[in-house]
Amino acid sequence: MDVFEVIGDRTRRNLIELLADGERSAGELVTHFDVSFSAISQQLRILSEAGVVASRRHGRQRVYRLEPDGLDPVAAWTAQYARRFWDRKLRNLGRLLERMKHGT
Amino acid sequence: MEREIVLEVTYPDPPEAVWCALTQPDLLREWLMENNFRPEKGARCEFRMPPGPGFSGLVQCEVIEVELHRRLVYTWDGGGAWGKTTVAWTLEPSGSGTRLRLEHRGFRGFRPFLLSLMMGSGWNKKLNTALPKILKRVEYSGVNS
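Protein chains in written order, with the numbering used here: chain A, 10 to 113; chain B, 1215 to 1359.
Do not rely on the hints blindly, as some may be mistaken.
Keeping only pairs whose Cα atoms sit at most 25 angstroms apart, straight-line, the calculated SDA-like set for lysine to any residue is [unchecked claim]:
1) B/1255 x B/1226
2) A/110 x A/99
3) A/110 x B/1291
4) A/110 x B/1248
5) A/110 x B/1303
Hints were generated in silico from the structure; no laboratory data involved.
Work the whole structure out from these sequences, hints included.
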């Protein structure tokens, strides 16, 4: 599953949002959802496999955190979108400068 | 990894004219968007554009650097689609014209904008179908050139 498919799921996006505030154990995470512990574990496994979250053992629990570069492809896509925006705007600027020169 | 956009355009007009277009609200409105921009260090301003999926249409700025006719830097915080990024303009005379360089920096993986972008209505479907294809294209063409 690539990162765009990973964030296409609402539960997984909510997990990412919760983890954006800091590390959480699976037990803490599950209290925010209306689904079973095993359903959340399954989603955390998908997030781990996609490299979006990482985990470590803490006593008897597993603690999850966001992996900083995990959503990089999404950032790349957004940058591409922004690039097209500025391309268009700079062409507008050229036309405006042309009009300013002719005093219209 | 941090992504950035760097664009360079040469206009036949002198830096003074380009500077006016970059800093005067009535001119910015014509080529960029509705705004209350003030080219003063520390000024907080807003740009407005039509809202889109996961994006309020409001961009908040804080002016960081002003060097008359040469350089202008401000933060660009679009919350939704853009997140908190930085826009830097550099003007250099080029013959009787101006070489204008735009650097838009700060596109990072976990900025809130990514999440709000994805949370917008209609994105589920796009994410599952269109985006993986777009991503492949992005990988081929590169975004840092």
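> Of the hints given before, which are not true for this structure?
Replying inline: 1 and 3
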